[in-house]
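Student: Chains as they are written, first to last, in this note's numbering: chain L, 1 to 478; chain W, 1 to 268.
No wet-lab data here; the hints were simulated from the structure.
These numbers come from a predicted model, not from an experiment.
For every residue, glycine included, the Cβ atom is placed at its ideal position computed from N, Cα and C.
Where hints are given, some of them may not hold.
Claimed, not checked - Derived CB-CB ranges, DEER-like:
{"id": "1", "chain 1": "L", "residue 1": "H457", "chain 2": "W", "residue 2": "G155", "range": "20 to 30 Å"}
{"id": "2", "chain 1": "L", "residue 1": "E144", "chain 2": "W", "residue 2": "L112", "range": "34 to 44 Å"}
{"id": "3", "chain 1": "L", "residue 1": "P79", "chain 2": "W", "residue 2": "A108", "range": "18 to 28 Å"}
{"id": "4", "chain 1": "L", "residue 1": "R380", "chain 2": "W", "residue 2": "V98", "range": "52 to 62 Å"}
{"id": "5", "chain 1": "L", "residue 1": "A359", "chain 2": "W", "residue 2": "R95", "range": "33 to 43 Å"}
As the list claims (entries may be wrong) - To be clear about the criterion: a stretch of chain L counts as covered by chain W if any three or more of its residues have a C-beta under 8 Å from a C-beta of chain W, and this derived list gives those stretches:
{"id": "6", "segment": "156-169"}
{"id": "7", "segment": "285-293"}
{"id": "8", "segment": "325-339"}
{"id": "9", "segment": "389-401"}
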Amino acid sequence: MNQQVVVADNLTITAPSGSRALLENGSIELHRGRITAITGESGSGKTTLMQAVLGYLPPGARQKSGSVRVLGHDVLTMPTEPLRRLRRQHLAFVGQDPGSALNPTMRVQALLTEVAKNRDNSDPARVLARVQLPESVLHRRPGELSGGQQRRVALARALMRGVDVLLVDEPFAGLDARVRQEIVAVLRTLASDNDVAIAVSGHDTATLELLADDLVHIGAPPTSGSRPRRESTPDTPHRPVALSGHGLGLTRGDVPVLSSVDIVSYRGAATAVVGESGAGKTTLARILAGLEPDATGNLHLDGTEIALRGSRRPRQLRDRIQLVPQNPLSTLNPQRTVAQSLGRPLVRRGVRARARRAAEIGSLLDSVGLTHDFASRYPRELSGGQRQRVAIARALAYEPEVLICDEVTSALDHATATSIMDLLHTVMVDRDSSLIVISHDLDLVRRYCGEAVVLDHGRLIDTCSAANILASQSFTTS
Amino acid sequence: MTRTWIRPAMIALPAVLVVGCAVAGPWVAPHPVDEGVDIPYAEPSAAAPLGTDHLGQDVLSHLLVGGWGLLLLAAVIAVLVTGLAAVIGTVAALRPRVGAVIERSTDALMLLPPVLAILLVMLSWPSSGAAGLVAIAVLVGTPYCARVFAAAASGIAATGYVEVAVANGEGLPYLLLREVLPNLRSTLTTQLGLRFVEAMYLVSTAAFLQLPATLGQSNWALMVRENSAGILLNPWSVVAPSLAIGILAVSMNFTISAIRSDRNQVRT
Chain L
1 MNQQVVVADN LTITAPSGSR ALLENGSIEL HRGRITAITG ESGSGKTTLM
51 QAVLGYLPPG ARQKSGSVRV LGHDVLTMPT EPLRRLRRQH LAFVGQDPGS
101 ALNPTMRVQA LLTEVAKNRD NSDPARVLAR VQLPESVLHR RPGELSGGQQ
151 RRVALARALM RGVDVLLVDE PFAGLDARVR QEIVAVLRTL ASDNDVAIAV
201 SGHDTATLEL LADDLVHIGA PPTSGSRPRR ESTPDTPHRP VALSGHGLGL
251 TRGDVPVLSS VDIVSYRGAA TAVVGESGAG KTTLARILAG LEPDATGNLH
301 LDGTEIALRG SRRPRQLRDR IQLVPQNPLS TLNPQRTVAQ SLGRPLVRRG
351 VRARARRAAE IGSLLDSVGL THDFASRYPR ELSGGQRQRV AIARALAYEP
401 EVLICDEVTS ALDHATATSI MDLLHTVMVD RDSSLIVISH DLDLVRRYCG
451 EAVVLDHGRL IDTCSAANIL ASQSFTTS
Chain W
1 MTRTWIRPAM IALPAVLVVG CAVAGPWVAP HPVDEGVDIP YAEPSAAAPL
51 GTDHLGQDVL SHLLVGGWGL LLLAAVIAVL VTGLAAVIGT VAALRPRVGA
101 VIERSTDALM LLPPVLAILL VMLSWPSSGA AGLVAIAVLV GTPYCARVFA
151 AAASGIAATG YVEVAVANGE GLPYLLLREV LPNLRSTLTT QLGLRFVEAM
201 YLVSTAAFLQ LPATLGQSNW ALMVRENSAG ILLNPWSVVA PSLAIGILAV
251 SMNFTISAIR SDRNQVRT
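With the rest of the complex left out, here is chain W:
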C-alpha cells in the first residue's frame, strides 16, 4: 500500500512546489515589488538572487508575487469549463435531439478564435476586468470540451443501467450525476488538466498583451514582456517567469495522469 502513492507523489512534486511558491509567495517575498534594489538588469547578487528587472526591482520577489493571480484565474476557468462541458456533453449524449442542437451551436462558437474574442471584449469593454476574461475563456473553451464529453458519455448512455434508469423515468440530474458522470471520472480528470493548461495560455496571453484584467501589480506573463528587452543583460528576468509557467502547465498534467493511471493498472 505504501508503495502506490510514492510514484505519483514524486511526479506531482514540481507542480506542488510551483503552486506552493505562487500561493505563499506574497508573504515570503524578500522585497516589495515596487522597491528598487539595484540598477536595471543587474546580474544576480546577494540582495537580488535572480538579479533585477527593467526598473531595477528584484526578479525573485516579482516571481513570488506574480504567480497566484494567473494561477487562480486559470484554475477558475479550468473548473468552470470542465464542469459546464461535462454537464452539456452528458446531456447531449442522454438526449440525442437536444444533443444535435447543442452540437450545431457549439460548431458556430468553435469558429471564434479565443485570442481575438478576448481582445475584442477587453478592448471594447475594459471595465469587465477579470470577470470578463473568465467569461470569454469559458465561452470559447466549453464547446471543444463538451464534444469530448459527449463522445465519452454516449457509450455509457447505451448501457443497461442507464436504460433501466431512463425507463423508470429518472430525471436528468439523477442520470447525469449518479449514473453517467461517476463513470466518466478519467475523462473528467484528463479534461481538467488540459483545460488548466489552455486557461494558463489564455490568461498569460491576456496579461502579456496588457489587457485590463486585474492580475495584481505583477505577473509572470507581464514580466516576460517587460523584461524581454534586457534578456542579454539579465537572462533570469525572462527565463525564470517563462520556466514557472511551463513547469506548472506540464507538471499539472503529469500529476493528473499519475493519479488516474494509479487507480486502474492492468497487467498486459
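Next up, chain L with everything else stripped away, as it sits in the complex:
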C-alpha cells in the first residue's frame, strides 16, 4: 500500500522582490500511511513547500523550477475550480498559527461540524477526544482557548474531513512535552488506521524522529557541532532581587484567570514560568509588563513598589521591564521595516543621529544573529523564527533590566533556540539583568534557568529549582 500521493521534485520558489529564494531545490515524497518529517532551519522554506503542495504560492512568488504533483495533478498550474475541489476532498493543512485560521466568532462545535462530510456519523465530541480535548471545549470560541488547545482544534478540523493528505506545519511549537506525545500518538493512529499521508514540519528533531517514517531536510545541511553547553545553575538566593510579585491575580469577567501567584526574579539569573497550555503563563507575563490594568497584588522592582497598571509607571521604569510576545505573526507591525521597528526604541532612548542609529540597529541585528540587510525588510519577508529574533532585538534596544520572554523559542529550531538562549544568557550575565522565561520546553528551562514557577489552571503549584522541575508532581501527573 506504499502508494505515492505527493511528489515534489527539486522545487525552487522565488520571492517577488527578485532573486531571493523562498525555497531552494525542495524535494519530498509522501506515501499513504506514512509520516514524513520536514526539517530545516527557520527560513529554509518548510512552510513554502507545504503551501506549494496545496497549490498555493505567497503573493507575487514564482515557481522558478521543479514541479509538484498531488494525486497525479500538477497543482501549481491547475485551474482554480478543480484545484479547489482537490483541496476540499483530499488535502488538509494545519498552519503554524492555527489561532488565526479559526474563525473567532464560531464555537468549536460549529467549527467542527462545518467541515464534516456527514453530519451524524462523525461526532465532534469523539474527534475532540482523539486530540485529547474535553467535551466542554465544544461550547467555547477560539479566543477562549490557549495556543495549544487552538492547535488541537485545528487538527480536529482536519480529522473531521477524512482527507488523503494531511500537512501539519510546526505541530509541536509551543506545546509541552505531554501534549506533544499525545499529538504524536494522534498522528500515528491517523496514518496507520486511516491510511493518510502525513507531512509534519518542525524543529524538534527528537520528537520528529520518534514520529516520522521518513525524514526530509530542507536548506543547508544540519550543523552537528556546537552541542549546547550546560549552564551551571546559578545559586539564586545570594543574588539581589530584581523583580518580585506577591499575590498576583486577575479575574476576567467572573472567571479567575490567575489567583495569588508569587514570583521572584534575581539579577543575573533566569526564572522560568512553566505549566501546561492554558495555565495562565501569558497572563502572568502581561501583568508583569503592566498590560493588565485590572490585576491585583503587588509588584516590586529593586525593592521599590511599582504600579501594576502600566500607565501609572514612569517611563524610565517601563523601559526597564521588556516583554517579547508569543505569536511571531503579530509581534511586528506589518507596515514597518525591521529598521523602523528597531529604530523607535533607540529614538526614545535619545539616539537621534541617523548614522549612530543605523550603527546601533546593525549591532542589534548582529546580536540576534541576523545580517544587516534584514534592516530594510518588512515582516512579511521574514520567517517566524526571524521575526521572533527581531522582536528580541527590539526588546534589547531598551537595555532592559528584566526581560520577559513569552515562548520566544517555541517557533525556532533547536540550534537557533539554543543560540537565542545563549544570547539572552550572555546579555543577562553581562548587564547583570534578570530574565523571565516562559516555556514548555522543560529541557531548555532546566539548562538555563535557576528557579522555576509552576502554574496550573491559574494557580501557583510550586516554586522550585529548575533542575528539580520533574519532581514537581502536580505538573507531570495532572
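Mind docking chain W on chain L? Use the hints.
Tutor: Chain W only, in chain L's frame:
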C-alpha cells in the same frame, strides 16, 4: 507591472471624467448660467446641446457649472468624517474605558435623522451657510463611521506589536498614527468612499430643499428640482444632472475598491 494599473484606471475613468467636468466646467461652459438661449424647455439644438431649462437657459452650461460646489462640499465632509471617525474609533479600541463612553454618546447621536438635523439648523440659523451644513453632516456621520473603525481596530489593538508599544508607554498619538492606522488602510479607503456617497446624498438633499447653503448660482440637485415640471418637454434637463450625481457616487466607490483590491490579490 504595466498590466496592473490598466484595470483600475478603466474603472476609475467615469469618476475621473465627471470630476474633471465639474472642476473644469465653469471655464468651458458655452454660455453664462444666467443667459437665456431659447424658449423654456426647448429640445436639444446647436446652441443648447442638452436643450434648455425652465428659464430658457442652457442645460449643458448649468451642468458644467453646477457640479463643483456639490463635489467640494461632499469631499470636505467625507474627509472630515472619515478622519475624525478613524481617530475616535481607534482611541475607543486602544482605551476600552474611553471607548465605552464614546460608544454610549455616539448611540445617542445616531438616533438623530440627518435630514431633520440639517433642516432644523439651516432654517433656524440660515446664516451658518455651507459651514453649518458641513458641521451637521460631520456630527451625524461620524458616530456610524467611528463604530466601524472601532471594530476594525480592536483586532489590531490585541496584536503583539501594539501590546509591546503600550507596555513601553508609547503615547496615544504614536499608537494611533504609527501602529494602528497604517494597518487599517483598507477600512480607511472603504469608509472614505462610503462617506463620500453619503455626503453627496446629504448635500444634494440640502440643495434640493433649497436650504440656504452657498452652493453657487446653480447646482445639480437644484436643477433636478426646478426642471422637474418640464421633464416631458425636455427630459435632459432632469436626467442629465441626476445621471451626473449617480455616476459620480457609484464610480467613486468602484475606483476606491479597484485601487484597494489591486494591492492584496490572493489566489484562492
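Student: Do at least three Cβ atoms from the segment 389-401 of chain L come closer than 8 Å to Cβ atoms of chain W?
Tutor: Contact hint for the segment 389-401 of chain L vs chain W: holds, 4 residues under 8 Å.
Student: For the hint 34 to 44 Å, verify it against the beta carbon of E144(L) and that of L112(W).
Tutor: With a Cβ separation near 38 Å, E144(L) and L112(W) satisfy 34 to 44 Å, so the hint holds.
Student: Within the segment 285-293 of chain L, is the number of residues with a Cβ closer than 8 Å to a Cβ of chain W three or more?
Tutor: holds (count 4)
Student: When you take the CB atoms of A359(L) and R95(W), is the distance between them in 33 to 43 Å?
Tutor: holds, 37 Å
Student: Looking only at beta-carbon atoms, does the pair H457(L), G155(W) fall within the given range of 20 to 30 Å?
Tutor: For G155(W) against H457(L), whose Cβ atoms are near 28 Å apart, the range 20 to 30 Å holds.
Student: State whether the coverage of the segment 156-169 of chain L by chain W holds or is violated, taking the criterion as 3 or more residues with Cβ-Cβ distances under 8 Å.
Tutor: violated (count 0)
Student: Against the range 18 to 28 Å, how does the distance between the Cβ atoms of P79(L) and A108(W) compare: consistent or not?
Tutor: violated, 53 Å
Student: Go ahead and decide if the range 52 to 62 Å is satisfied by the Cβ distance of R380(L) to V98(W).
Tutor: Cβ of R380(L) to Cβ of V98(W): about 32 Å, so the range 52 to 62 Å is violated.
Student: Just to make sure I understand the rule, a stretch counts as covered if three or more of its residues have a C-beta closer than 8 Å to a C-beta of the chain. Does the segment 325-339 of chain L meet that for chain W?
Tutor: holds (count 10)
Hint compliance for this structure: hints 3, 4 and 6 are broken, all remaining hints hold.
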